[in-house]
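Student: Sequence:
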Amino acid sequence: MKMSTAVYLTALVAAACVLATKYSPPKVQVYSSQPGEYGKDNTLICHVSEFHPPDITIQLMKDGMELHKSNQSDLAFRNNWQFHLTKTVAFKPMKGEKYSCRVTHGTKVKEYAWGELGAAKICVQHPHNL
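Those letters in the sequence shown? Residues -20 to -1, 1 to 110, by mature numbering (1 follows the signal peptide of the UniProt record, and there is no 0).
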């Protein structure tokens, strides 16, 4: 009987820890490795950080269609259980094309646009600041 009580208490404590962990929406940064220039090879980067729980999907998009042949880092976390993840893909932007990063965190889906010409770091959005 003592063993089942210990197992029950352990499960109860674990459940309480999970419930006590706050939902944190992701901070999303969409940028390119080089300043954007039409017709020049580049890398589109979507870095997602400071989120919890780790249930997240990142899609790199061109004109509403997912870009394939992308690479994704391993899911990592900090001591406070907030996670971070990066996805990249090679691309060559052309005039009129729209590039974005679609992030699905739990049931929430948001799309973050990459700007065209200019600085390498284009879009930084954090839901807390919107």
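Keep in mind the hints are simulated off the structure, nothing from the lab.
Fair warning: there could be bad hints in the mix.
Stated by the list, open to error - Using C-beta positions, here's what the derived DEER-type ranges look like:
| no. | residue 1 | residue 2 | range |
| --- | --- | --- | --- |
| 1 | Pro34 | Gly76 | 33 to 41 Å |
| 2 | Gln52 | Thr87 | 32 to 40 Å |
| 3 | Asp43 | Lys2 | 19 to 27 Å |
| 4 | Lys2 | Glu77 | 18 to 26 Å |
| 5 | Glu91 | Ser13 | 15 to 23 Å |
| 6 | Asp35 | Lys75 | 19 to 27 Å |
| 7 | Asn59 | Glu17 | 37 to 45 Å |
| 8 | Gly76 | Ala56 | 16 to 24 Å |
| 9 | Thr87 | Ala56 | 41 to 49 Å |
| 10 | Met45 | Lys2 | 33 to 41 Å |
The model shown is predicted, which means the values in this text are computed figures rather than measured ones.
Just so you know, even glycine gets a beta-carbon here, dropped at the ideal spot from N, CA and C.
Student: Does each hint fit the structure? Answer for all of them.
Tutor: Quick rundown of the hints versus the structure:
{"no.": "1", "hint": "Pro34 / Gly76: 33 to 41 Å", "result": "holds (36 Å)"}
{"no.": "2", "hint": "Gln52 / Thr87: 32 to 40 Å", "result": "violated (21 Å)"}
{"no.": "3", "hint": "Asp43 / Lys2: 19 to 27 Å", "result": "violated (36 Å)"}
{"no.": "4", "hint": "Lys2 / Glu77: 18 to 26 Å", "result": "violated (38 Å)"}
{"no.": "5", "hint": "Glu91 / Ser13: 15 to 23 Å", "result": "holds (21 Å)"}
{"no.": "6", "hint": "Asp35 / Lys75: 19 to 27 Å", "result": "violated (37 Å)"}
{"no.": "7", "hint": "Asn59 / Glu17: 37 to 45 Å", "result": "holds (40 Å)"}
{"no.": "8", "hint": "Gly76 / Ala56: 16 to 24 Å", "result": "violated (36 Å)"}
{"no.": "9", "hint": "Thr87 / Ala56: 41 to 49 Å", "result": "violated (23 Å)"}
{"no.": "10", "hint": "Met45 / Lys2: 33 to 41 Å", "result": "holds (35 Å)"}
Checked against the numbered hints above, the structure violates hints 2, 3, 4, 6, 8 and 9; every other hint is satisfied.
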